[in-house]
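Visitor: Protein chains in written order, with the working numbering: chain A, 90 to 465; chain B, 90 to 465; chain C, 90 to 465; chain D, 90 to 465.
Hints are supplied without guarantee of correctness; some may be wrong.
[Stated by the list, open to error] For lysine-lysine, the following DSSO-like pairs were computed, each having C-alpha atoms within a straight-line distance of at most 27 Å: (1) Lys243(C) with Lys222(D); (2) Lys243(B) with Lys452(A); (3) Lys388(C) with Lys355(C); (4) Lys243(A) with Lys452(B); (5) Lys452(C) with Lys222(D); (6) Lys243(D) with Lys452(C); (7) Lys421(C) with Lys370(A); (8) Lys243(B) with Lys108(A); (9) Lys225(A) with Lys243(B); (10) Lys370(C) with Lys421(A); (11) Lys308(A) with Lys452(B); (12) Lys452(D) with Lys243(C); (13) Lys452(D) with Lys452(A); (14) Lys452(B) with Lys243(D); (15) Lys452(A) with Lys421(C); (16) Lys222(B) with Lys243(A); (17) Lys225(B) with Lys243(A); (18) Lys308(D) with Lys243(B); (19) Lys355(A) with Lys421(C); (20) Lys452(D) with Lys225(C); (21) Lys108(B) with Lys243(A); (22) Lys421(A) with Lys355(C); (23) Lys222(B) with Lys452(A); (24) Lys452(B) with Lys355(C); (25) Lys452(A) with Lys370(C); (26) Lys225(D) with Lys243(C).
Hints are computed from structural coordinates only; laboratory data are not their basis. For clarity, every value in this text was computed on a predicted model and none was experimentally measured.
4 protein chains.
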Amino acid sequence: MQPNKNLKQQGLSDIEHLKVHGRTTGSLSPLTLFWTGSAVEFNARGSELWIEFEVDYEVYEPWIGIVINGAAVSRQMLVAGRYWVCVFRGMNPDAVKNVRIVKELQAMSGDPGCTLQIHAVKFDGEFLPVEDKPYKLEFIGDSITSGEGTVGAKAEEDWIPMWFSALDNYTAMTADALNAEYRVISQSGWGVLTGWDNNPNCNLPDHYEQVCGLLAGPKNEALGAFQANDFDAWQPDAVIINLGTNDGGAFQSPEWRDAVTGETRKQRLLEDGTYHEEDLKSFEQAVSGFLAKLRTYNKQAHLVWAYGMLGIPMLPAIYRGVDAYVRETGDKRVSVFQLPNMTEETVGSRSHPGVEAHHKAAKELSGYLQEILRQV
Amino acid sequence: MQPNKNLKQQGLSDIEHLKVHGRTTGSLSPLTLFWTGSAVEFNARGSELWIEFEVDYEVYEPWIGIVINGAAVSRQMLVAGRYWVCVFRGMNPDAVKNVRIVKELQAMSGDPGCTLQIHAVKFDGEFLPVEDKPYKLEFIGDSITSGEGTVGAKAEEDWIPMWFSALDNYTAMTADALNAEYRVISQSGWGVLTGWDNNPNCNLPDHYEQVCGLLAGPKNEALGAFQANDFDAWQPDAVIINLGTNDGGAFQSPEWRDAVTGETRKQRLLEDGTYHEEDLKSFEQAVSGFLAKLRTYNKQAHLVWAYGMLGIPMLPAIYRGVDAYVRETGDKRVSVFQLPNMTEETVGSRSHPGVEAHHKAAKELSGYLQEILRQV
Amino acid sequence: MQPNKNLKQQGLSDIEHLKVHGRTTGSLSPLTLFWTGSAVEFNARGSELWIEFEVDYEVYEPWIGIVINGAAVSRQMLVAGRYWVCVFRGMNPDAVKNVRIVKELQAMSGDPGCTLQIHAVKFDGEFLPVEDKPYKLEFIGDSITSGEGTVGAKAEEDWIPMWFSALDNYTAMTADALNAEYRVISQSGWGVLTGWDNNPNCNLPDHYEQVCGLLAGPKNEALGAFQANDFDAWQPDAVIINLGTNDGGAFQSPEWRDAVTGETRKQRLLEDGTYHEEDLKSFEQAVSGFLAKLRTYNKQAHLVWAYGMLGIPMLPAIYRGVDAYVRETGDKRVSVFQLPNMTEETVGSRSHPGVEAHHKAAKELSGYLQEILRQV
Amino acid sequence: MQPNKNLKQQGLSDIEHLKVHGRTTGSLSPLTLFWTGSAVEFNARGSELWIEFEVDYEVYEPWIGIVINGAAVSRQMLVAGRYWVCVFRGMNPDAVKNVRIVKELQAMSGDPGCTLQIHAVKFDGEFLPVEDKPYKLEFIGDSITSGEGTVGAKAEEDWIPMWFSALDNYTAMTADALNAEYRVISQSGWGVLTGWDNNPNCNLPDHYEQVCGLLAGPKNEALGAFQANDFDAWQPDAVIINLGTNDGGAFQSPEWRDAVTGETRKQRLLEDGTYHEEDLKSFEQAVSGFLAKLRTYNKQAHLVWAYGMLGIPMLPAIYRGVDAYVRETGDKRVSVFQLPNMTEETVGSRSHPGVEAHHKAAKELSGYLQEILRQV
């Protein structure tokens, strides 16, 4: 192999034209990608491009997808270490390639050592400006929004990064259909009030203000994950909240007990199998409260609670929670949208919605958002 | 990252149970994968598996796909060097995973330096036997069969490995639908008589007897590419020949001239745009001749000439060539099958059939083969 | 033509085995079919079957569909008069045919002269018992449920019976998917509180107790349309209410004025385009009230408010109305289900959902009902 | 019912603007529709239209379909007698409706009494000119082309008119996709050489020159069925011949014996299940001969032998027959096209291709014809 002698190394912060997707601290030396769907994007005129990653983890390794001119061309595991990955080579040096390097794995609250960073590129051409897209979308969700189950055989049961995808995902598909850029804030097993296991700490709202507040540990702190997010820098046209599935699951799960304090928590079922009124009320208040918080940080965005890919048991309560918020505030830019349910034909791995279920959800959701965005 | 201390390194030749797909020399130390779709397959009971590759090329880098329990989970470029790639980690150590590491790129006749080898594995479990599938298929073809254009945006024009795929390919899909193992012998731009550019050396029949005879150079010779193929070791139930597209193109292309000898060659068009009778006859004889050769090496296989994904101009001549062979030999196990044409909706990159065109072809072809294989 | 001499005429009331679908007075001499989807069903062992219709109207002629062994084979206009229509002939006399003669047109509140009656049959065989299906469904709705727009070119604008269908309809498709028998109570332009034009008389709840109370005139009175419906005779497992689309339209339509009393009515829009709180409240009370009435007459049925094929502006209010009813009564067998929205590809004639939109709605709705009916 | 007093009766021959589809004698008083897919077409500006039919048969009754503005709105059996059928009523009198009344049933060689005639119309408006479409297609075929099996449940086995359709048919769909007018010459069970039962009289070529020569009896003679067809009046751009399926069946069927002369006929199978060379040759000569005859009458048309919806056993012989014709004549405007095979999912009634199989065939065939017609 003859190495390409025209490759020039540049730190990310030295590149004039690039675009970062997803919440970050703003640092480019290096760039830390926290959330699934976060990415770095280039318009690259040249023949060969490499990216220098630095990766670590205790348990769960990150994966990336590579998208060239809108088409996914590669998806790979990133093992621990600092090394170069070739994005493309041998291409026409005069043609401009739009390139996105996308994090396929969600932020991992359960692995404080899991990090994915980009230091530099090697390239034999020049980078051109990346234009803004007409719309901005923010998705907030759980395992469905993290794309858990969109990769792998139906029989798979291990909870590992391999089965997650940001690209085979209704978030990416919806953004694509609407020609929008997007961000994702998501965590498997979490809810708006509690996690699937009644753990009250596993709620997205508590961490919304931080760059990536659901992470833990000194390493993430040093990376800036707990800094205040700069909301002014990126105001979405719509925020899609796909939460409630784990809150519903909590009613069916055993009591949660804090290993340290012994504190317990349980969303209760009545004997006839229906939800305890009081606990349902707590959920509704969590819905209302999260909307209020979202409005604080997103002044203009339409807030769409989108739910239903794994059944709709919480939908009446979601409606009540949204309704209560609207009545209190007079906010007219809020709505609820029911997503199509997964079927036997569209199930993926780990009993989660498969890629066809995501396609269907994206089709319905993008049709709905189209109407709203026209009015923005 | 804490390394997995249970990983044990083994040379491929030391592994009791594994299965190699595609023509090889038989050597496992290392294993050289020549053809697209060639692969190594394991039934692996353990939590973490790595593969040691050795890769080189002058121009065109190989790519691999990873298939776990029948689902494609990764696809990546392999740059030059000798290194380890992690196939999976963190999985349930007690569950058996069926794993296939598949070469995504065709044998590269134009790059004598292009090699992909597998030396060893690191694994923390045990390998179990890989059962044989009920059928064996061999596909022989050109760029269509090499999956050129099944990856990438429609606008792509560079001739690079990135746009090739063995998995997003009618060959893999057909084998899958029939629960068959399969091999592929294919080369972009080649034909049964000449290449698209009238080059008479670019024909598949001349190299059929060798392991991978269309390669060139001392390196490939040393790797055994020019050895006689061991046909006894693997007798297919059906051989599918998807050739003729480039032979048809030759009529529309300029004369070929040998740079060294000055010898020229041209499949001629008449003034009214139809094919010169004599040259068409040569094509038909090449068809007949190839069938005769295929029968020599594949005593029982049904021979199916399957053609049509990029138009059917050569189909009458193919029928005549097949007919002539049948009349001369009395061989009843030969037929022609027209594949569905690519449409505007199913075109992929580089004006080649896209993944939807391959799905459609596989659906029709597997339906047809099903009938034949029932009678085998 | 040689007439079939084996045909024997029988009044409908003389036939031992037949099944009537849809609300009727119970009379079979003749049988009056009021609602769309109402039908007479036979298991007929014989070669030739004729039906004697009596039809009249001032403006709108009825249409019928003929279904044999589950497949729609004919659809035709029935002009005024009393005459025989051949259902089948020349069939194997020994085979049993399941035959349904289905009214394709809704009850026509705007045409007091529109009637469709069946007097008798001519048949050369014997009728066998028609078995009950495992489930019973009742659909209540507006033009969508009447199948307006499922027949005809997109450009059609006339409001005529030709564009209506009971068979190309989500009601029939849903019942089919669930192997259920079904009834339809529907009227184009009507709502749960008012019609699309604010007419407060155009609401379905006021007429629910009668056999077909939305009709008018002495002729319909004589036919028994205003009699009390015999609810004990047919108790559904689920009632699907697809109302709200015209109630939503009323907010956008001019004030309604009673030509006689001068009384006016208007669901008001605020200046910012949102709904007047008071009027929305009236709608919600109409929703609650209708559920209460439905429960009075359907003791065991699951009540599903299914809405969304032409947008979801009233969905929050529907949820509030349902919620209020549930809170007041403790009734647990009530839910709301959002139907998929019509898209540009699925629009039919008269800007109404086309047959593809109905297929999609039926797929989602039947998946949802399946879960509920399993628990019945 | 108040009759429409504005209706005016006109004999068909008195109408200035109308278009007749399908081969006829030219007579309009009355118009006899012989073939499936034959039709009368109007551009009618008015509110109400009736058609006067005269129908008779000994065994098999005709059916019609009604198409308004390109959408099928009605399909009904026509019983024996002379009577009026209402096509539409209550429509906007100022809008122009394109109306086609289409014969759904093939010409019935087995029922010399089967006739369908149109005498007159009653209309309250005026007829406008019907424009020619850019292309003309002629289809020649057997039961597949007659649409046998596109209506009715899979289990149906009776051979009756109800299961035939001209509209749910690849012929109509292909013409529609290409914006072409079309004619159909077809007969269930017939071939290019013999019928499925080896009957040598059941071949289409022998009757090609006549208006509808495969009919029998003095009644059809009086109607002009045996007159010479006026080929000059309608020259197609392409003739699609879908024959061979019954010729293939003949090899599998018992010997045919003429009840009168005792003459026998049999396409022979060899002991190994392959076709007797001599008989296959006869078939090939029939193919060549039919092409020669078609060319005599259709000077410019592209001749496309399209075959494969029920398997492809005769395809090699068809290719040889076509090839022989081309070699003898030098005719370049001839080709063979393989249609997609019926699958388990696309089977209709009577084990024939269902409507989905016809859709698929039309999609492939129209794509192929598009290329050819562009060059016309």
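Visitor: Now tell me, hint by hint, if it's right for this structure.
Guide: Against the structure, the hints come out as follows:
1. For the hint linking Lys243(C) to Lys222(D), the alpha-carbon distance of about 21 Å falls within 27 Å, and the restraint holds.
2. Among the hinted pairs, Lys243(B) with Lys452(A) is consistent with the structure: their alpha-carbon atoms are about 22 Å apart, no more than 27 Å.
3. Distance hint between Lys388(C) and Lys355(C) is unfulfilled; the C-alpha atoms sit about 34 Å from each other, more than 27 Å.
4. Using a Cα cut-off of 27 Å, the hinted pair Lys243(A) and Lys452(B) holds, with the two alpha carbons roughly 22 Å apart.
5. Pair hint Lys452(C) plus Lys222(D) does not hold up; C-alpha atoms about 38 Å apart against a cutoff of 27 Å.
6. A C-alpha spacing of about 22 Å is found between Lys243(D) and Lys452(C), which places the hinted pair at or below 27 Å, so the restraint holds.
7. For the hint linking Lys421(C) to Lys370(A), the alpha-carbon distance of about 17 Å falls within 27 Å, and the restraint holds.
8. Of the supplied pair hints, the one linking Lys243(B) and Lys108(A) holds, its CA atoms being roughly 24 Å apart against a limit of 27 Å.
9. In summary, the hint linking Lys225(A) to Lys243(B) is supported, as the alpha carbons are separated by about 26 Å, within the 27 Å threshold.
10. Between Lys370(C) and Lys421(A), the direct Cα distance comes to roughly 17 Å. Compliance with the 27 Å bound is thereby established for this hinted pair.
11. With a C-alpha separation of about 51 Å, the suggested pairing of Lys308(A) with Lys452(B) is violated against the 27 Å cut-off.
12. Pair hint Lys452(D) plus Lys243(C) holds up; C-alpha atoms about 22 Å apart against a cutoff of 27 Å.
13. At most 27 Å may separate the alpha-carbon atoms for a hinted pair to count; Lys452(D) and Lys452(A) meet this at roughly 25 Å.
14. Using a Cα cut-off of 27 Å, the hinted pair Lys452(B) and Lys243(D) holds, with the two alpha carbons roughly 22 Å apart.
15. Of the pairs offered as hints, the one joining Lys452(A) and Lys421(C) is violated, with about 32 Å between alpha carbons and a cut-off of 27 Å exceeded.
16. A C-alpha spacing of about 21 Å is found between Lys222(B) and Lys243(A), which places the hinted pair at or below 27 Å, so the restraint holds.
17. Only pairs whose Cα atoms come within 27 Å are accepted, and Lys225(B) paired with Lys243(A) is accepted, the gap being roughly 26 Å.
18. With a CA separation close to 61 Å, the supplied pair Lys308(D) and Lys243(B) exceeds the 27 Å bound.
19. Among the hinted pairs, Lys355(A) with Lys421(C) is consistent with the structure: their alpha-carbon atoms are about 22 Å apart, no more than 27 Å.
20. Taking the CA atoms of Lys452(D) and Lys225(C), the gap is near 40 Å; set against the 27 Å cutoff, the hint is violated.
21. Restraint check for Lys108(B) and Lys243(A): satisfied, since their Cα atoms lie roughly 24 Å apart, inside the 27 Å limit.
22. A C-alpha spacing of about 22 Å is found between Lys421(A) and Lys355(C), which places the hinted pair at or below 27 Å, so the restraint holds.
23. Taking the CA atoms of Lys222(B) and Lys452(A), the gap is near 38 Å; set against the 27 Å cutoff, the hint is violated.
24. Taking the CA atoms of Lys452(B) and Lys355(C), the gap is about 58 Å. The hint is violated against a cut of 27 Å.
25. Note on Lys452(A) and Lys370(C): the hinted pairing is violated, with a Cα-Cα distance of about 33 Å set against a maximum of 27 Å.
26. Proximity of Lys225(D) to Lys243(C) is assessed by CA-CA distance (about 26 Å); at most 27 Å being required, the pair is judged to hold.
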